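Read off the chains here:
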Amino acid sequence: QKEVEQDPGPLSVPEGAIVSLNCTYSNSAFQYFMWYRQYSRKGPELLMYTYSSGNKEDGRFTAQVDKSSKYISLFIRDSQPSDSATYLCAMSRHGSSNTGKLIFGQGTTLQVKP
Amino acid sequence: DGGITQSPKYLFRKEGQNVTLSCEQNLNHDAMYWYRQDPGQGLRLIYYSQIVNDFQKGDIAEGYSVSREKKESFPLTVTSAQKNPTAFYLCASSIQGADYGYTFGSGTRLTVV
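In order, the protein sequence lines correspond to chains A and B.
Counting in the numbering used here, the final residue of the first sequence is number 114, and the numbers go up one at a time with none missing.
Counting in the numbering used here, the final residue of the second sequence is number 1113, and the numbers go up one at a time with none missing.
Bound-form chain A, shown alone (with noise of 0.2 Å):
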């Protein structure tokens, strides 16, 4: 079973809509979380953090994490042509067991159409 499970998609969705994309985790260590947008040919930048539990806004963006259920989620809102791109989630563990490296799930693919 790997640590981080990401739905791979492709997601196609019409401009406008609500996109929720989602990563599962089977480590209670990770205490850091991230999401990366990555456009075609290009590398991965930092969309969004978090840090333990709960939410953050940012925009169009809300990140939220459940660690009790060990689920976090990327909501995008009004979703534009110009988001179509791939959505990494990754985390980290914390204190003494940070190996320094994070772990990411395979990427969602997003297409918005116009």
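It is worth saying that the hints were derived from the structure and are not from the lab.
Honestly, I wouldn't trust all of these hints.
What the hints assert, rightly or not - Covered, in the sense of this in silico footprint (three residues per stretch, anywhere, with C-beta under 8 Å from a C-beta of chain A), are these stretches of chain B:
no., stretch
1, 1013 to 1025
2, 1099 to 1112
Unchecked claim - Distance condition first, Cα-Cα at most 25 Å in a straight line; then the derived PhoX-like pairs of lysine-lysine:
no., chain 1, residue 1, chain 2, residue 2
3, B, K1014, A, K101
4, B, K1083, B, K1014
5, A, K56, A, K70
6, B, K1071, A, K42
7, B, K1009, B, K1083
8, A, K42, A, K113
9, A, K2, A, K67
10, B, K1070, B, K1057
11, B, K1057, B, K1083
12, A, K56, A, K101
13, A, K2, B, K1057
14, B, K1009, B, K1071
15, A, K101, B, K1070
16, B, K1009, B, K1070
17, A, K101, B, K1071
18, B, K1057, B, K1071
19, A, K42, B, K1009
As the list claims (entries may be wrong) - Computed Cβ-Cβ distance ranges for the label pairs, DEER-style:
no., chain 1, residue 1, chain 2, residue 2, range
20, A, I18, B, G1040, 24 to 30 Å
21, A, D58, B, I1051, 30 to 36 Å
22, A, K56, B, S1080, 19 to 25 Å
23, B, V1052, A, L46, 21 to 27 Å
24, A, L11, B, N1026, 32 to 38 Å
25, A, P8, B, A1061, 20 to 26 Å
26, B, R1044, A, E45, 15 to 21 Å
These numbers were taken from a predicted model, which means no experiment stands behind them.
Every residue gets a Cβ at the ideal spot worked out from N, C-alpha and C, and that includes glycine.
With chain A's structure known, arrange chain B on it following the hints.
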């Protein structure tokens, strides 16, 4: 501006050749990483280094080598022992522990011809 630079953007390798991919960062990050990305397989860790003159193998190190002689630089050599080198290669850097995530370069696309 601080950032991480990979070069070249595109690289072609003949069978049996070694090639070296460059990665330079001016973020003053201690840790650096190399990933390989293939369609449908996500990111796979090749090598990483948390301090100068030290590095560790990742999940798919066979056929690759690295060096970390300077904090700013972490070149990756794809050797002839790597039988399927065609892929998109990503370099990243972070502070120690990666608690705040990685900064990625723009990638190098390597193709065997």
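Status of each hint after checking the structure:
no., hint, result
1, 1013 to 1025, "violated (count 0)"
2, 1099 to 1112, "holds (count 10)"
3, B/K1014 with A/K101, "violated (32 Å)"
4, B/K1083 with B/K1014, "holds (12 Å)"
5, A/K56 with A/K70, "holds (17 Å)"
6, B/K1071 with A/K42, "holds (24 Å)"
7, B/K1009 with B/K1083, "holds (21 Å)"
8, A/K42 with A/K113, "holds (21 Å)"
9, A/K2 with A/K67, "holds (17 Å)"
10, B/K1070 with B/K1057, "holds (18 Å)"
11, B/K1057 with B/K1083, "holds (18 Å)"
12, A/K56 with A/K101, "holds (23 Å)"
13, A/K2 with B/K1057, "holds (19 Å)"
14, B/K1009 with B/K1071, "holds (22 Å)"
15, A/K101 with B/K1070, "holds (20 Å)"
16, B/K1009 with B/K1070, "holds (22 Å)"
17, A/K101 with B/K1071, "holds (18 Å)"
18, B/K1057 with B/K1071, "holds (18 Å)"
19, A/K42 with B/K1009, "holds (10 Å)"
20, A/I18 with B/G1040: 24 to 30 Å, "holds (26 Å)"
21, A/D58 with B/I1051: 30 to 36 Å, "holds (33 Å)"
22, A/K56 with B/S1080: 19 to 25 Å, "violated (46 Å)"
23, B/V1052 with A/L46: 21 to 27 Å, "holds (25 Å)"
24, A/L11 with B/N1026: 32 to 38 Å, "holds (36 Å)"
25, A/P8 with B/A1061: 20 to 26 Å, "holds (25 Å)"
26, B/R1044 with A/E45: 15 to 21 Å, "holds (19 Å)"
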